[in-house]
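Protein sequence lines, in the order shown, are assigned to chains C and R. Quick note: my numbering has the first sequence finishing at residue 393, numbered continuously throughout. Quick note: my numbering has the second sequence finishing at residue 393, numbered continuously throughout.
Mixed in with the good hints there might be a few duds.
Said to hold, decoys possible - A short, non-exhaustive set of chain R residues, derived as facing chain C with CB atoms under 10 Å:
| no. | residue |
| --- | --- |
| 1 | 87 |
| 2 | 276 |
| 3 | 300 |
Rather than coming from a laboratory, the hints here were simulated on the basis of the structure. Bear in mind that the values here come from a model prediction, so they are computed numbers and not experimental data. The beta carbon of each residue, even a glycine, is placed where N, CA and C say it ideally should be.
There are 2 protein chains.
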Amino acid sequence: MDERAYFERLDSTASDPAELFEHFEQRSVGGRTTHVLPSARHGIERGTVILDAADAIVRGYPSIPRVLALDAGVTSFFESGESIFAEEKLDGFNVRVADVGDEGPLAFTRGGYVCPYTTARVRDLLDLGEFFATHPEMMLCAELIGPETPYTTHDYAEVDSDAIRVFDVRDRESAVPLAVSERRELCVRYDFPQPRLFGRYDRSEATEEIWSAIEELDADGREGVVMKTADSDSMVKYTTESKHHDELADAFSLPFDLGRDFVFSRITREVFQAAEFDESDERLRERAHDLGESILLPAVETVRRIESGETVGQRHRVRGGHDDIDALLDHLRDLSLTIEVEADYRENGQRVVEFLKVAESTVDRTTYYLEGGTYDE
Amino acid sequence: MDERAYFERLDSTASDPAELFEHFEQRSVGGRTTHVLPSARHGIERGTVILDAADAIVRGYPSIPRVLALDAGVTSFFESGESIFAEEKLDGFNVRVADVGDEGPLAFTRGGYVCPYTTARVRDLLDLGEFFATHPEMMLCAELIGPETPYTTHDYAEVDSDAIRVFDVRDRESAVPLAVSERRELCVRYDFPQPRLFGRYDRSEATEEIWSAIEELDADGREGVVMKTADSDSMVKYTTESKHHDELADAFSLPFDLGRDFVFSRITREVFQAAEFDESDERLRERAHDLGESILLPAVETVRRIESGETVGQRHRVRGGHDDIDALLDHLRDLSLTIEVEADYRENGQRVVEFLKVAESTVDRTTYYLEGGTYDE
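Only chain C is shown next, with the shape it has when bound in the complex (with noise of 0.2 Å):
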């Protein structure tokens, strides 16, 4: 690969090719050979993807900061007089859609892998051909949601099965997003479906309108809101209190694999809505109730699960084709998982398959202090 040519093509804060180049790593999967940027340096989005073979750069999508303060941080990270829009965030899998190479668009995880399964699925819900014969230099920053996908199981009341909403749309090589109201009509276009969009606020009304929208969110037990600036270059978000908890009650559902990096985190979230936002003691206790229950109620369920003998992990359920599925059987396998097929059976033409996410800190950690295992501290 030639690194000064894709160096000065991704334009980042590096003083020399080394110098980005070494944080690189080269993966070859199903014949394809990828050179990937596994976290974010020097100005380059982690999971940003050089395929050389195609001449294609895949700029990873950002990080998106978040505020723990609603009104205080939309006051401090927009300017004054500046519109703001605010988008729903929704709960499901980050993917970047693009057309490089000759088979075809390809899926790309936010840690720069191709998934088969989400390939499979934005190809089949999205109208990609018309899309890129016109924007090929495009990618298209999708979140496939629903109760059955192999990554996320949040349910929404439209979505029966999974789903995509495209959030973004953003030049593939340099990673410039599409204006909000030009990437929506882009969107409307080609019959992308998208996020809701709340409205477009004046600084000074933005945190009353967001926090309505938080609060209608939360009722329904969705996500969050994404703020942006008008060019889509500048974005912030918050989410809801349920999100929280739904958080916390699955990685408590898995304490030794997920509970210790969430934990603390999310507490912090409610702590900062709570004392913004919660105005009498009794709304703070029903919340320092569900966040409790939240922690501990999932947690003493695995003890006892596993104490029953029963194995723990994160359940999920995909349909499609035969093919389709294997090589997402395999891609995760790939990924080190250990995958417990738990049904496979064909349903409407389709082959569907249920399968268990092997918590295995989990699994051995709580099975140890089950045994009277004892820790030194």
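Position chain R relative to chain C; hints supplied.
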């Protein structure tokens, strides 16, 4: 210092003096030069101190392992037929008192520092002269408890200001403990107050007896139990729900100083205790609500205090001689703590000082978020 000679005396698992002594650090405080092991290495306890001028070794107090599942822990930790002594574990400040050199007995902290305040307190509260005249090779392992100490503030009904409890007596150089009965008799002989002995149990009855002790301690807001073999050589601890919740409440009153490190381990203790002993859903939910309140309420209060301009931290009140208290404040500042003296007056012939250990991280991070600061995930 003659490393070879100390190496032989320490009887570590290191293969040569260099391998062991590279982990020691030299400290000079108040004209006293010590070599201290800041964390456990090669079978030698954290806080082990060598005082070369006195040709003395003061071994650290070992970290006591903890069981999460009481019944399984008792069964796997102790041998069948072995007696198990259960003593109360107190919530205070652990020191070792040793008579080395010609300054009189000194109180060494867990980290291997000499605390001038605790030294003054143990000299005042215990009749050390007679003890060390007979047992110069021993060290007293003691807990400084009560609401008026510079380190902990836990209230005990029986302690007005502060008090000492001797819970172990060991050979200062080999760390070999006296047997439980022998130590308890010795403490009676020298009139050293000691923690409560719940009893001596056969392994088959221990869980039931200890759980009943835990329930009694929990109702009184006390910490827990240490179980020991008769020779005191093996020990394991188990703590109450109220202790877990109190610790979380303390930690989350200063979330960015203490919360992050404390939260996961305390939740884990709660989870296993609940899985073992919370028989009804109602009891489990009550524990969950208390857990949630312990986490959320103090943290929200702290955020609101910082928002209104207060400085937060740990508040302590100490009383003693004028110079002892000066030495304490110097000692704390030497440890890089930020100390704000809030009151300094005389009462019943003693100097009383109230001070705040400022929680710098909590003040800084909270202020940053309250001003709209973002974090990137």
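Hint check results:
The closest approach between the C-beta of residue 87 of chain R and any C-beta of chain C is roughly 8 Å, which is under the 10 Å cut-off, so the hint is satisfied. Hint status for residue 276 of chain R: holds, given a least beta-carbon distance of 5 Å to chain C, under 10 Å. With 10 Å as the threshold, the beta carbon of residue 300 of chain R comes within range of chain C, its nearest partner Cβ sitting at about 6 Å, so the hint holds.
Of the hints listed earlier, there is not a single one the structure fails to meet.
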